[in-house]
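Protein chains in written order, with my numbering: chain A, 1 to 317; chain B, 318 to 634.
Don't read these hints as lab results, they were simulated from the structure. Remember, it's a predicted structure, so these values are computed and weren't measured experimentally. Don't be surprised by glycine CBs; every beta carbon is placed ideally from N, CA and C. Please note: incorrect hints may appear among the correct ones.
Footprint (simulated), chain A over chain B, 3 or more residues, beta carbon under 8 Å [said to hold, decoys possible]:
1. 379–388
2. 439–451
3. 579–589
4. 619–632
There are 2 protein chains.
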Amino acid sequence: MNPGFIPEFTDIEAAHRIVAKYAHHTPVLTSKSINEITGGNLFFKCENFQKVGAFKFRGACNAVFSLSEEDAQKGVATHSSGNHAAALALAARMRGIAAHIVMPDNSPEIKKKAVAGYGAKITFCEPTLAARESTLAKIVAETSATEIHPYNNFFVIAGQATAAKELIEDFGEFDVIMAPVGGGGLLGGTAISTKHLLPECKVIAAEPAGADDAFRSFQAKKIIPSVSPKTIADGLLTSLGERNFAIISEKVDDIVTVSEQNIVAAMRMIWERMKIIIEPSSAVPLAAILEGKVDIQNQKVGIILSGGNLDLGKLPF
Amino acid sequence: MNPGFIPEFTDIEAAHRIVAKYAHHTPVLTSKSINEITGGNLFFKCENFQKVGAFKFRGACNAVFSLSEEDAQKGVATHSSGNHAAALALAARMRGIAAHIVMPDNSPEIKKKAVAGYGAKITFCEPTLAARESTLAKIVAETSATEIHPYNNFFVIAGQATAAKELIEDFGEFDVIMAPVGGGGLLGGTAISTKHLLPECKVIAAEPAGADDAFRSFQAKKIIPSVSPKTIADGLLTSLGERNFAIISEKVDDIVTVSEQNIVAAMRMIWERMKIIIEPSSAVPLAAILEGKVDIQNQKVGIILSGGNLDLGKLPF
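Using the sequences and the hints, build the whole thing.
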């Protein structure tokens with residue numbers, strides 16, 4: 001398959017045929033008490049229950065299983081210290097091919113162990129973007145492995161889009177669908193699925209004020225990368241990719257920013273009321289609702305909970 | 318209806334007709350990684366997702382809706398600082414009757430607020446059993462409300478039994494079904510449902526070593542109340558009731574005890590691997606498996622996760 005710059009809905013249907021074979025069809029939960037607090041009718045798509053504990057598995061799995069047999073045999077490679085590394089490692093193991101993961105040497109032990117546990121070949125490097133990129137380039141040159149970027153990748157975006165597709169296919173029409181935004185893989189995919197299936201439904205992204213490059217890029221109509229972003233929502237520190245920005249500019253209705261305090265409050269509300277574990281990034285859309293940045297009174301709202309991976313020994317409450 | 322000393326399965330069927338109307342039919346979750354760690358095939362019945370966050374709502378709801386119209390109008394009463402108080406308050410509100418709850422004045426603020434939030438009439442007393450009982454007796458004398466004991470109660474036991482009934486009806490045969498044991502309402506009900514529907518299935522209870530009155534009573538074949546029990550599993554501090562002991566003596570295959578350390582390890586394993594929030598009491602059966610007290614190799618095991626209420630500001634990790 002010869003990918004374009006941006007996936008069409010047919011690409012998402014193709015992705016879904018792959019993803020449905022290897023990933024969980026995650027459940028959707030509701031909470032009467034959170035509905036009472038917010039005034040909306042909220043449906044939470046639980047990607048925290050996805051394999052490797054995050055939506056990232058959808059994209060990684062689509063990328064790995066979309067490779068030709070010849071390319072696949074050379075393996076895949078990426079640099080990541082987060083959920084994408086674990087997702088790519090597991091998807092590669094499922095296909096029986098090598099995954100080369102470049103990780104900063106200061107990555108948390110728990111993440112190193114998770115990626116190693118999935119059988120990936122890890123190369124540690126200095127914790128700088130330059131070191132990560134040069135180390136990855138060297139590995140790709142040596143192995144001819146295919147680089148799978150965590151979000152600025154056609155197949156990854158198409159894979160992430162399957163979460164919103166499932167949500168809509170399972171629960172019908174929505175007034176608003178919300179997702180957090182970091183690099184824009186999840187948000188871009190969500191927007192493609194939503195605007196195709198429900199053209200009248202608004203797609204609204206939420207972003208930490210401390211890492212608001214997507215908000216500023218959306219306003220400025222050009223990519224403005226993050227400089228020293230800082231937020232507890234560690235999945236959202238990255239800046240928008242080019243493919244992601246192109247989709248978001250065209251299909252997303254609004255991007256709003258939220259405070260750290262409200263991210264923690266929203267996360268705690270979901271833990272306490274819904275009895276599920278979500279990572280801070282997952283709490284950002286509800287934080288936007290609690291902060292009054294999105295009007296969802298009496299509206300049916302889908303929210304993608306991006307994942308559930310965090311260090312239980314370092315909670316913010 | 319005129320209850321006997323111990324519910325028969327027909328009483329549980331009657332309870333289920335009531336419970337199904339007002340309570341959640343909770344989901345059952347599995348975890349590939351916990352299966353790999355334990356060597357068993359585990360099915361977790363998620364009463365942490367039940368209304369008020371605990372199985373206790375089943376029993377309270379059955380007790381409240383089994384009252385005659387005349388008795389119901391006089392209200393219900395109990396003394397409790399825990400999940401039963403919230404469960405009884407909510408069930409009473411659903412029926413539109415008064416709930417009189419006696420709480421020790423040193424109860425956590427979060428529990429006082431929860432019970433008050435369900436519209437109960439709270440009377441605070443000294444934090445002693447004597448004060449709780451005398452205060453409750455006074456309220457019952459004044460109001461003619463029906464006392465609903467948290468576990469030594471026919472309708473409560475029949476209500477709690479519906480969790481195992483649903484698990485078996487949804488997932489078929491099991492080799493072993495496990496539950497934690499405190500007062501014995503959940504365990505007694507679980508044993509009645511299980512031994513009726515699956516006579517060959519073992520029912521095994523797990524109890525903290527620091528609150529091992531059920532273990533000792535089971536061995537001694539008579540009730541031996543707890544003296545100064547101490548465990549993080551705060552739902553399991555109570556001693557067995559008479560009805561509960563009678564059922565357990567007849568129908569439970571074994572009771573095993575576990576260390577505090579393994580309760581915390583099991584709780585953390587469920588949080589990390591399954592991304593759900595359970596209270597320490599819920600972790601006790603898995604702790605028994607991790608501790609090697611129950612052999613479940615290659616067996617199909619049902620585990621009742623009793624609830625998910627705990628103070629997120631005071632976690633043991």
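**Request:** Against the earlier hints, flag every one the structure doesn't satisfy and list their numbers going up.
**Result:** Hints 1, 2 not satisfied by this model.
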